[in-house]
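Protein chains in written order, with the numbering used here: chain A, 1 to 89; chain B, 90 to 178.
Be a bit skeptical, because a hint or two may be false.
With a Cα cut of at most 27 Å, we get these calculated DSS-like pairs of lysine-lysine [stated by the list, open to error]: (1) K15(A) / K45(A); (2) K104(B) / K45(A); (3) K45(A) / K134(B); (4) K104(B) / K134(B); (5) K3(A) / K92(B).
Source of the hints: derived by calculation from the structure; they are not laboratory data.
2 protein chains.
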Amino acid sequence: MGKQQYLVEVFISLKEVVNDPQGLAIRDGLHNLGFDEVDGVRAGKYLQVSVNAGSPEQAQQRTAEMCDTLLANTVIEEYRITVADRATS
Amino acid sequence: MGKQQYLVEVFISLKEVVNDPQGLAIRDGLHNLGFDEVDGVRAGKYLQVSVNAGSPEQAQQRTAEMCDTLLANTVIEEYRITVADRATS
């Protein structure tokens, strides 16, 4: 019955079809600095969430609910979740 | 001698010792929505960079240079880089 703390990583990025002005600005900045090998940049968010859950699957599922309700704007963004074990509590 | 395009993922997060008000705000928002199992949130950036390079090692090394000069503020942030193969060009 004990719950464990899981370190959940969330990667949120704009959908392919959505314009990404921030990514374009970063790409131009890299070009100005001489990094001509860069073809494109997409900018997104990276969240590390500490979640107490009974299993990795539960941690994953609850985090997906968090993404759908708060963390991501699913109209224009998509997200990926990975769960890593951490110290038992 | 041909160059390939690599999809490089960059994860930028605040160092452990640095305050993260954005992460705290997200955590409080999750608590208000009933996600009481969340102990903490750290907010960071996630970048997908398309890099032309002769090898995965070169793509990794050049992206580290980009992080040090533009993408990350190494005084308060740390970064992690992963390189994934992609279609040959």
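Here's how the hints hold up against the structure:
no. : hint              : in the structure
1   : K15(A) / K45(A)   : holds (13 Å)
2   : K104(B) / K45(A)  : holds (16 Å)
3   : K45(A) / K134(B)  : holds (4 Å)
4   : K104(B) / K134(B) : holds (13 Å)
5   : K3(A) / K92(B)    : violated (49 Å)
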